[in-house]
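So the protein lines, in turn, are chains A and B. Heads up: take any position in the first sequence, counting from 1, add 5, and you land on the numbering used here. Going by the numbering used here, 254 is the number at position 259 of the second sequence; the sequence numbering is gapless.
I should point out that these hints are in silico values taken from the structure, not numbers from a laboratory. Quick caveat, the model's predicted, so the values are computed rather than measured. The beta carbon of each residue, even a glycine, is placed where N, CA and C say it ideally should be. Keep in mind that a hint or two might mislead.
[As the list claims (entries may be wrong)] Some chain B residues judged to face chain A by a derived CB distance under 7 Å, without partners named:
no., residue
1, H79
2, V242
3, K249
Each chain, written out:
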Amino acid sequence: MEIYVQLALSGLFVGGIYALISVGLTLVFGVLRVVNFAHGEYLTLAMFLTFFMYHLLGLDPFVASLVVVPILFVLGLVTERLLVRRTLEAPHVVQVFVTFALSLFLQNLFLVLFTSDFRAVRAEYATAAFEIGPFYISWLRMVAFAASIALTVALAVFLKYSYMGAAIRATAQDRRSARLVGINVDRIYALTFAIGCALVGAAGVLLAPLYPVNPYTGADLILVAFVAVVLGGMGSIAGATLAGLLIGVIESFSSYFLGGEMKQFVYFIVFIAILAFRPVGFFGRKGAEVMDVT
Amino acid sequence: MTRITRRQFMPVLAGGMVAAHSALSSRVIADEGPIKIGGIFPLTGAGSVFGNQNFQGVEIAVDLINDRGGLNGRKIALFKGDGHTPQAAISETNRLAAREGVRIFTGSSTSAVGMVASQEAERNGAFYWEGMAVANNFTERGFKNVFRVGLDAGGLGRPAPRYIAEALSGLLKQDPKAIRIAVIAEDSAFGVDVSSAAIAEAKALGITVALHELYSAKTTDLSPLVLKLRSLKPDAIVATQFINDAVLLQRQMKEMRYRPPAFIGTSAGHSTLSFAEAIGDDVNGIFSSSYPNDANPDALSPATKADRDEFLKRYQGKYKVVPAVQESLGFVVGMSLIRDVIGNAKGGEAGALREAALAADVPNGAYINGWGMKFDAKGQNTRAFGSVVQWQARRMVSVFPEANKLADPILVPLPAWGAR
């Protein structure tokens, strides 16, 4: 029995980070209808920034987040303005090419700037853990999990209760009607894209002390986020969160009982099975992937 | 239907003729000017840490030989080919062969690159000299002019169980036959081949293998594996890992307050400086079976000792760090190829180089890592051997075999985390 609880805890902690990465991706898709293939590179960038602030300035990752997250937010604004906005009316393939090209560009830029060495933030508390009865709980993983969930809830509250949140939701539902009632849709796009980047920036800060970073780290992690986004229902924040947590738990149990090399196999089986019965994912709307004509 | 017009076709034809001409003329002038060697290594991308370190080692060997006057008055020119993927390795090998007239290649630091670079070299009628690719089937493909001076997967995996049986069992106060080990490995061909060799050797020595577990090196969570290890309580863990997964496993074992009595990595992650930087003093006491990092200077010939001093001086002067396993291996690759094969060959063509390689009979201790050179019919160096190093005071120190031993093992069984 103990082992099941310990496995579930490990899985939830990892899943919390998957969820935070996925939420930014699904938010951008839900509002702009753009799949941002460079999302993983923003994660890599946030991890690198955290590493260098820790290494060069001695800033603790949690302090560094006060700088890293705003930087990512601004980069999101810039990316939206210079690249993404120009493709919004273009066919999907153009959007895919643009964000995919950005992903490759950033990977290679990181290679030039930082080389392909693995860099690890070696915070003193990185491996600190406490015991509750027979269970071992890593402080850092627990804090990362709690922060992920808190940020996701904060985002949901923002979208539900603030005026700006309502405007974002209105744009997501129908961009033409949103424009008709006076919402500055272009600004909403920029803001949403920036929030998506800031969220993945937060995920990067939380991941940096747990996991070494090199230019490909984000690309490796982003596959899980894509699965979580589709499984949760494209554009659904609650869905992406639930799916992220579920994938973490499935990975944990399958690698204990079936072996580490089986975990991707198992969650993809679950993924295919769920989509077979519910093609829109947990909370997806039918037709969410169709772009409405502005 | 698209028709190729004459205007479109002519430049292609002209380009082809130029390429063919330069390839032919380079052969004609191959006996003059510098001796050209093409180095195909992953210099960018995921494998570039090892690729660059390997290449730097080769480069130091080339510089040293050139500064000593070259080979019979001819200088060596080393060309870079960035084989960051197998596809890139193919095009770079062909580019160097066609455009630069390179007839001698070396590489490659990963098996994926080495397998295709050697194949392209052979197809071009060139000579290929491998250092670090360990795939077991590398020398099983019936190629004539492809040689591996370094280890195969077995050479990397076997020393771990051997060291457990010969040295660690005594320190753990156990009969070798009563020892139980857990073998874990990342699930690419590298991890599978090396860990399988370790398991075969362990079984031959009567050691019980309580667990053989594979996982993806890209994983972000190894805590289920740690839980499994904790309930199995092996006497030693033998692990084939890359860098980030090696770091992750150590950190998660620490988090879950689990430590095995002994931990032996079988490369590649455990013998890198990044590994030590990431886990700090907790690295002390961890073993790594790998290429020999450093031979015992007393076991080397005086000439080799001079090479060793020169290599250490030049490397540290140029890169400001102490060279590790990949760098010294690169140096051995360069010295063995240039001095002992090209230097003894009757001509620069692949056939003459092949004869020189097969005739080479270099005793152990002739290279800075303690190796010698004698090839079997398939082109595998039978005098390459793996060794075991231990992290002591955050430096890698050779502890096995006897010829390479610089210090006795310490911290067995492993002390608690934070007390190493």
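Comparing the hints with the structure gives:
1. H79: violated, 9 Å
2. V242: holds, 6 Å
3. K249: B/K249 check passes; min Cβ-Cβ to chain A is 4 Å, inside 7 Å.
In summary, the one numbered hint that this structure violates is 1.
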